[in-house]
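**Student:** Each chain is listed here by its residues.
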Amino acid sequence: MKRLVLTLVYSLIMRNVLKLFTGIKMIDRQNLLLKEPCIIVGNHNSHLDTVVILSSLPSRQLIKTHPIAAGDYFGKTPMKAGLTRFFVNAILIPRSRPKAGETGADPIQLMVDVLDKGDSLLLFPEGSRGEPEKFQKFKRGVGLVLEQRPGIPFIPVYMKGLGKVLPKGDPVPVPFDSYIHVGKPVYPQGKTAQEIVEEVERSIRQLAEHA
Amino acid sequence: MNTDFDLLAFIGDSDTLLVIALIYGILLFATLLFWIAGMVKPNANLGELKMRTKSWWVMATIFVAATFINPIVSYFAFALLSFVALRELASISKNVREADRRVLIWCYLAIPIQYLLAYYGQYSLFLTFIPIFMYLWIPFMLVVKGVTEDIGRSMSVLPTQLMLTVFGVSHLAYLLSLPDIEGFAAGGRGLLLFIVFITEMNDVFQFTWGKMFGRLKIMPKVSPNKTWEGLIGGVITTTVVGYFLRFLTPFSGMEAILICLSVSIVGFIGDVVVSAIKRDIGAKDTGNTIPGHGGILDRIDSLAMTAPVFFHIVYTLYYLK
Numbered sequence: 021m022k023r024l025v026l027t028l029v030y031s032l033i034m035r036n037v038l039k040l041f042t043g044i045k046m047i048d049r050q051n052l053l054l055k056e057p058c059i060i061v062g063n064h065n066s067h068l069d070t071v072v073i074l075s076s077l078p079s080r081q082l083i084k085t086h087p088i089a090a091g092d093y094f095g096k097t098p099m100k101a102g103l104t105r106f107f108v109n110a111i112l113i114p115r116s117r118p119k120a121g122e123t124g125a126d127p128i129q130l131m132v133d134v135l136d137k138g139d140s141l142l143l144f145p146e147g148s149r150g151e152p153e154k155f156q157k158f159k160r161g162v163g164l165v166l167e168q169r170p171g172i173p174f175i176p177v178y179m180k181g182l183g184k185v186l187p188k189g190d191p192v193p194v195p196f197d198s199y200i201h202v203g204k205p206v207y208p209q210g211k212t213a214q215e216i217v218e219e220v221e222r223s224i225r226q227l228a229e230h231a
Numbered sequence: 215m216n217t218d219f220d221l222l223a224f225i226g227d228s229d230t231l232l233v234i235a236l237i238y239g240i241l242l243f244a245t246l247l248f249w250i251a252g253m254v255k256p257n258a259n260l261g262e263l264k265m266r267t268k269s270w271w272v273m274a275t276i277f278v279a280a281t282f283i284n285p286i287v288s289y290f291a292f293a294l295l296s297f298v299a300l301r302e303l304a305s306i307s308k309n310v311r312e313a314d315r316r317v318l319i320w321c322y323l324a325i326p327i328q329y330l331l332a333y334y335g336q337y338s339l340f341l342t343f344i345p346i347f348m349y350l351w352i353p354f355m356l357v358v359k360g361v362t363e364d365i366g367r368s369m370s371v372l373p374t375q376l377m378l379t380v381f382g383v384s385h386l387a388y389l390l391s392l393p394d395i396e397g398f399a400a401g402g403r404g405l406l407l408f409i410v411f412i413t414e415m416n417d418v419f420q421f422t423w424g425k426m427f428g429r430l431k432i433m434p435k436v437s438p439n440k441t442w443e444g445l446i447g448g449v450i451t452t453t454v455v456g457y458f459l460r461f462l463t464p465f466s467g468m469e470a471i472l473i474c475l476s477v478s479i480v481g482f483i484g485d486v487v488v489s490a491i492k493r494d495i496g497a498k499d500t501g502n503t504i505p506g507h508g509g510i511l512d513r514i515d516s517l518a519m520t521a522p523v524f525f526h527i528v529y530t531l532y533y534l535k
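Protein chains in written order, with this note's numbering: chain E, 21 to 231; chain G, 215 to 535.
So here's chain E without its partners, still in its complex pose (with noise of 0.2 Å):
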């Protein structure tokens, strides 16, 4: 059922939405093509991000790739969280990790259960959204995870456009050109966290300085 309602809502309803109403364009969309987990990671300007990454994934492979959420802010109510499980596949994560002491789930290890389950995350590893076309610092999140496990690839994505279709603090979308870029999945070298954040960081700038 919920594999349906993806691929209706997705493949079929968002991908031509978006094509008509921003004419986006997919490139090297046959990136996301890859049958391991692993972790699409992208710039964040817009909710678009979301939507347009679920519409380029090949219809089978959205049941199995989960955006990661904050909690606190699409879990506000359970009718929220509930719609935000359902229609985005998403996981819910609390926005850092307990500290010493206290009690409640790690978001590091919710994300690392999802890969050793064989499914695959997508993240924005600089968190919030951000103003249209600039970059913010990078989170440690994506390479804590895959810290914790080597050899998980993590595939660049880097989206143009959607920050003015529908930014941050604005509800009303207009119409504006905008494509997304998909990089090649890359086997991380680094091994400390910090390393691999600046890895993923490095591959999102790049695709942003190719187009």
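Heads up, some of the hints might be wrong.
As the list claims (entries may be wrong) - Between beta-carbon pairs, the in silico distance windows are: (1) G/Val272 to E/Gly189: 55 to 61 Å; (2) E/Gly189 to G/Ile365: 20 to 26 Å; (3) E/Gly102 to G/Leu294: 35 to 41 Å; (4) E/Phe106 to G/Gly335: 48 to 54 Å; (5) E/Arg49 to G/Ile283: 28 to 34 Å; (6) G/Thr422 to E/Met21: 54 to 60 Å; (7) E/Gln156 to G/Lys268: 38 to 44 Å; (8) E/Asn36 to G/Gly335: 29 to 35 Å; (9) E/Ser116 to G/Leu339: 57 to 63 Å; (10) G/Val436 to E/Lys204: 35 to 41 Å; (11) E/Asp92 to G/Gly335: 38 to 44 Å; (12) G/Tyr238 to E/Glu215: 55 to 61 Å.
Unchecked claim - The calculated lysine to aspartate or glutamate pairs, modelled on DMTMM-like cross-linking and capped at a C-alpha distance of 20 Å, are: (13) G/Lys308 to E/Glu229; (14) E/Lys22 to E/Asp139; (15) E/Lys84 to E/Glu56; (16) E/Lys154 to E/Glu218; (17) E/Lys188 to G/Glu312; (18) G/Lys535 to G/Asp394; (19) E/Lys55 to E/Asp136; (20) G/Lys308 to E/Glu151; (21) G/Lys359 to E/Asp190; (22) E/Lys154 to G/Glu312; (23) E/Lys204 to E/Asp92; (24) E/Lys157 to E/Glu215; (25) E/Lys45 to E/Glu229; (26) E/Lys55 to E/Asp133; (27) G/Lys308 to G/Asp364; (28) G/Lys535 to G/Glu469; (29) E/Lys159 to E/Glu215; (30) G/Lys308 to E/Glu153.
Said to hold, decoys possible - One side only, chain G facing chain E, incomplete, derived with CB under 8 Å: (31) Arg301; (32) Leu318; (33) Lys359; (34) Glu363.
No wet-lab data here; the hints were simulated from the structure. Note that beta-carbon positions come from the ideal geometry of N, C-alpha and C, so glycine has one too.
Given the coordinates of chain E, work out where chain G should sit on it, guided by the hints.
**Tutor:** Okay, now just chain G, sitting in the frame of chain E:
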């Protein structure tokens, strides 16, 4: 207005069919020419020409399908063309501020209204809606928004974008709403085919003459590929072609020559004006929607100006009673 589509009448309309056959004949010729040239001289750099020709096949087919299958489809197709062109221009323009986002919605909303006016043949509203009403409404909305820094720029840029992408192109759609006149069988559809064909051929001719014989640059700072040889060669060839295609129009021979001369020169003007805008932005092509051609705007830049000029010449000569 001919909204009831009659397939038999369409097939019987041999003038139109002849021109469609001509279009595909030219495309076939060009494709074969570049293919053979590629075989004879494998080192020649024909990649761009081949890609352009390929795109022409697609564009010609879309145009023929959209224009001749059903008139309603034509209005939608031209409206969509305006939409994509406006989106492209607004996206690359550095003169659209972040504060103009919401105001842009009004520009987009003008598209369906302008095409509805064309569909219903509301001549004076059609003519005044963008140059007068939108020209008043957009600055007002910008003022309401309240960001005054660089507001003058937005006040002129947004209506100009509408004029280029919506007002100009919508004249093509209005041609289909023109009433029938006695003794002129091809009607608005013939006129539409004529102006689009002449304008696009003019682009191709000016490009080809320029490539082959171009030496004296007209305005090297704006458009280094534009030469006097290209312009003059293009104007003459276009006029000759237009003279022989005048069976699509109600024109006499002399009228056809004068009209084609003006269309040809106006096409050049449209081309260099958009070139200058591009240069200001620093973009080589206005987008990458059409392989080898750049964006939609690069293909309709001349059309945006020839369509209204042609329309009003024809209207004044034949439809103004």
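**Student:** At the C-beta level, are G/Val436 and E/Lys204 separated by a distance inside 35 to 41 Å?
**Tutor:** holds (40 Å)
**Student:** For E/Lys159 and E/Glu215, compute the direct alpha-carbon distance and say whether it is at most 20 Å.
**Tutor:** The hint holds at about 12 Å.
**Student:** Is it true that the CA of G/Lys308 sits at most 20 Å from the CA of E/Glu153?
**Tutor:** holds (14 Å)
**Student:** Would you check the hint for G/Lys359 and E/Asp190, treating anything up to 20 Å between C-alpha atoms as holding?
**Tutor:** Status holds; Cα separation ~14 Å.
**Student:** In this structure, is the beta-carbon distance linking G/Tyr238 and E/Glu215 contained in 55 to 61 Å?
**Tutor:** Holds: the Cβ-Cβ distance is about 59 Å, inside 55 to 61 Å.
**Student:** Taking 20 to 26 Å as the stated bounds, is the beta-carbon spacing between E/Gly189 and G/Ile365 within them?
**Tutor:** holds (21 Å)
**Student:** For the pair we were handed, G/Lys535 and G/Asp394, check the Cα-Cα distance against 20 Å.
**Tutor:** The given pair, whose Cα atoms are some 13 Å apart, holds under the 20 Å limit.
**Student:** Just tell me: holds or violated, for the beta carbon distance of E/Gln156 and G/Lys268 against 38 to 44 Å?
**Tutor:** Since E/Gln156 and G/Lys268 have Cβ atoms about 41 Å apart, the given range 38 to 44 Å holds.
**Student:** Does G/Glu312 sit within 20 Å of E/Lys188, going by the straight-line distance between their CA atoms?
**Tutor:** holds (12 Å)
**Student:** Holds or violated: are the alpha carbons of G/Lys308 and E/Glu229 at most 20 Å from each other?
**Tutor:** Since the Cα atoms of G/Lys308 and E/Glu229 sit roughly 19 Å apart, the hinted pair holds (cutoff 20 Å).
**Student:** Checking one constraint from the list: CA of E/Lys154 to CA of E/Glu218, max 20 Å. Satisfied?
**Tutor:** holds (17 Å)
**Student:** Lying within 55 to 61 Å: is that true of the beta-carbon distance G/Val272 to E/Gly189?
**Tutor:** Cβ of G/Val272 to Cβ of E/Gly189: about 40 Å, so the range 55 to 61 Å is violated.
The earlier numbered hints that this structure contradicts are 1, 11, 23, 33, 34.
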